Amino acid sequence: MKDRIRRHLLSLFVVLAAGLFVAELFWGTSFVSAGNVVAALSGRLPPDAGATRIVIDVRLPRAVSALLCGAALSVSGILMQTLFRNPLAGPDVLGVTSGASLGVALSILGAKAFAGFGASPLLDLGLGGGAILGALLSMSVVLAAARHVRDGAGLLVFGVMFGFAVSALVSVLLSWALPDQVQRYVAWGFGSFASSGWDRVRGLGVVMIVALAASIPLMKPCNALLLGETYAASLGVDVRFIRFAVICVASVLAGLTTALSGPVAFIGIAAPHMCRMMASSTDHRIVLPLGIAAGGVVALLADLGTRLGGSTVIPLNVVTSLLGAPFIIWLILAGGRRSRI
Amino acid sequence: MTPVLAIRDGSIGYGSVSLVRDLNLAVEAGEFICLLGPNGAGKTTLLRALAGLGALLSGDVLLDGRSLRRCSRATVSTRIAVVLTESLAIPGMTVGELVRLGRHPFTDWKGSLSDADLSAVRKALAVMDLSGWEDRVLPELSDGERQRAAIARALAQESDVLLLDEPTTYLDLTHRAEVLRILRDVAWTEGRAVVAALHDLDLALRYADRVWLFDPKADPSRVIVGGPEDLLLSGAVERVFSSRSVRYDPLDGTFELRNGARIPVHIAKGTDERLFRMALRTVSRVGGVPADRREARMSLARSVSGEAWILEGPDGTESLGSLEEVAASLRKRFAAATPDESR
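Line by line, the protein sequences give chains A and B. According to this note's numbering, the first sequence holds residues 1 to 341 in order. According to this note's numbering, the second sequence holds residues 1 to 343 in order.
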């Protein structure tokens, strides 16, 4: 009975994601008729037609990027919450996003230094690599801190402080940057799924899909990790290896999302909770697939939300914060009573 | 017969600090062993070492005669299940999910449970009196209920060896006795080896087939092994668990307070054994010691009518309706007696 409800829940989220994905293609700031959208998608319009440009080169990569980033943030959040045994952990809360931002800032500045080699795929490689490295490093720092901070709230404060410090470091770095680079970085900080063209989405997206796939075999050991490392070891889990794998997958997902769409807040912490509450389960075999679909749904919804302002685009992080912050606050107040947190 | 699990020349502890050295202990299939000793003696550490979860500084732990160092974690997890003292109040996790995790070592990479797995889970839940509790969320349970779920998880693992660290903590008295009975049944009827570190001295001594007694006062690196009654007779249990203010009475299985006035009181032994024992408890509780008529300074007896207690002493004779009143009067009389006289 319960299993059936859960399966329906997964189908529901998949259908929702598909629906929102299609909505992304049909609705945007510039008007393209529904007929032209279909025509552009089916390749019946010339490649240089306005509708083709808008639908194929702008809206489609943006929708793909939102779907992937949402799924990645959600899975990254699930993995971090399990690894740190802390329901309020997430890539943004623990300073992992800030670490990735530092990596991005460094690779942008580095690219300036090697301006002569400014080939776009190479830059993307540097961007993605920098972000992953930054995320990995900051996650290792937080994990090392977790060994000394036994108290969950203390760890969260550590993560937030660490994030502040890293962000400050980024600001210092930016003082060497050119004004237009600073402007680009600030705009990037608002988060957006739109800034990624096909080249970037294709390159980073493939790695993201691989990382998402790599999280599937982690579902079972992660269930054991919920009981703590000693219990997990007694159940036959190679705790050190699994911990390493979880850190890698979570960092790659959080890092690439940051490289692709900026430091997107709240999706990584909110989407996992949504799934656990709806499925009333902590079993990763249920929560993780649901999290992939639900993360995509939330990100697509948030991206559509940025277009509600008509001709003025509302920044992505404003939308995710307006939706996510009240949800987390409600979760802490009501969820605590229902033993969800 | 090779013991299922044994520790050979084991030295246990953390880092460079060894708590106990030269340990040589063994458990055979179908045995229920209780691990007793004061706090900090190394009970938890020994259980961890036996489970292959660290804490073994030198020596070997042998599973079926084979060193744990040469067994993979996956193999060990199919043979040894543990109950730790760590809290399992995991947000959102249900009792069913927890107990199903006991089958973790036997499932495929996806973690899908077979019918056999599910029946092991159902059985463990039933044994721990938790049938129908599958969907309850762990943090919402009482500490004792959660402890039962933790034991159910270990039972569901259906391992040859079961190691439990203070499994009766938080349980009410009925469930304490019940858990010990279950653990012994698991050992006796299913032929598993069960080792439990316990603080319930009396219960442990009533159920254990054998006791491993840590005796840090006599020798920090020694563990005394024997049947519960033999250890009681040898005085080992009394020695380990008595202090300046508390004495363990091996025959009664109770703790007797050594502080207080220690004034000798004679208690008349009537026909009703229950009345005599309760009177004895009352006297010891307020600091008196039972004595024979010649040495006693006061005497307590049931009235001829059988409806009151008669307390006689230098301060006069009283007829008291209940043992509560007897206790109050004794306290007054003890306080009046000077410390010198009480020696």
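Hint data in this document are derived by calculation from the structure and do not stem from the laboratory. Remember, predicted model here, so these are calculated numbers, not experimental data. All residues carry an ideal CB built from backbone N, CA and C; glycine is no exception. Be a bit skeptical, because a hint or two may be false.
[As the list claims (entries may be wrong)] Coverage of chain B stretches by chain A, computed from C-beta distances (three or more under 8 Å per stretch; other residues unrestricted):
| id | segment |
| --- | --- |
| 1 | 90 to 99 |
| 2 | 103 to 110 |
| 3 | 261 to 270 |
Results of checking the hints against the structure:
| no. | hint | verdict |
| --- | --- | --- |
| 1 | 90 to 99 | holds (count 7) |
| 2 | 103 to 110 | holds (count 5) |
| 3 | 261 to 270 | violated (count 0) |
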